[in-house]
Amino acid sequence: EAGVAQSPRYKIIEKRQSVAFWCNPISGHATLYWYQQILGQGPKLLIQFQNNGVVDDSQLPKDRFSAERLKGVDSTLKIQPAKLEDSAVYLCASSFNQGQVAGYTFGSGTRLTVV
Amino acid sequence: GQSLEQPSEVTAVEGAIVQINCTYQTSGFYGLSWYQQHDGGAPTFLSYNALDGLEETGRFSSFLSRSDSYGYLLLQELQMKDSASYFCAVDRAAGNKLTFGGGTRVLVKP
Chain G
147 EAGVAQSPRY KIIEKRQSVA FWCNPISGHA TLYWYQQILG QGPKLLIQFQ
197 NNGVVDDSQL PKDRFSAERL KGVDSTLKIQ PAKLEDSAVY LCASSFNQGQ
247 VAGYTFGSGT RLTVV
Chain L
96 GQSLEQPSEV TAVEGAIVQI NCTYQTSGFY GLSWYQQHDG GAPTFLSYNA
146 LDGLEETGRF SSFLSRSDSY GYLLLQELQM KDSASYFCAV DRAAGNKLTF
196 GGGTRVLVKP
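As they're listed, the protein sequences go chains G and L. If you number the first sequence the way the numbering used here does, the last residue is 261 and the count never jumps. If you number the second sequence the way the numbering used here does, the last residue is 205 and the count never jumps.
Since the hints were derived computationally from the structure, they do not count as laboratory data. A virtual CB, placed ideally from N, CA and C, is assigned to each residue, including glycine. Worth double-checking, as some hints may not be accurate.
Said to hold, decoys possible - Just the calculated beta-carbon pair ranges, DEER-fashion:
(1) G:242 / L:148: 23 to 29 Å
(2) G:231 / L:204: 32 to 38 Å
(3) G:148 / L:109: 30 to 36 Å
(4) G:158 / L:134: 16 to 22 Å
Construct the entire structure; sequences and hints are all you get.
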């Protein structure tokens, strides 16, 4: 079974620029999550999708962050404009359904550095 | 608010046993998960406890006491490859929302 694919692996941008990350979940996984992991901290949930609908985006800074999952498969997360404090690893995860308790499968993440 | 407390770092030698404690205070609780993350890698799922008691999976075991809002991960027969960060995470809505602790960095020495 292929894992969760994310790209790019690394990205360096200047503050106030925009950036986009892409995620392709495991085939058949209806639920997709984006997490932000700042160095030395645990991952923090940004947004959760069920198919192509948003389930929870309460922790997404909506003034600069946006995400979509138009066809209920792959997803993009965008930051515009980026701030220095957005430097982090952005992790995508997927699960078969919302009630799955056997754990998410995470991708390897995109490491963003804002300079 | 939500808070999960776990030690920041633990050092042990190969073959030893390490216990990583996690205390939590969250709105909503369905279960406690544990994830392992090597430097630069993805978090990988280790275990999940929904009910009180001990769950054993090979060299790793996880324990939960819901009444004490406490759990731990037990790593036995430590190997060098176990050097990683370990995160506890509370499932606040039946698989929907994970709130992670700050992580415990485990360093295994020869």
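| request: With 30 to 36 Å as the target window, see if residue 148 of chain G and residue 109 of chain L comply at their CB atoms. | output: holds, 34 Å
| request: For the range 32 to 38 Å, tell me whether the beta carbons of residue 231 of chain G and residue 204 of chain L fit it or not. | output: This hint holds: roughly 35 Å between Cβ atoms.
| task | Mind checking the hinted window 16 to 22 Å against the Cβ distance between residue 158 of chain G and residue 134 of chain L? | result | Taking Cβ atoms as reference, residue 158 of chain G and residue 134 of chain L lie about 19 Å apart, which means the hint holds.
| task | Evaluate the given range 23 to 29 Å for the C-beta pair formed by residue 242 of chain G and residue 148 of chain L. | result | Holds: the Cβ-Cβ distance is about 25 Å, inside 23 to 29 Å.
The structure agrees with every numbered hint stated previously.
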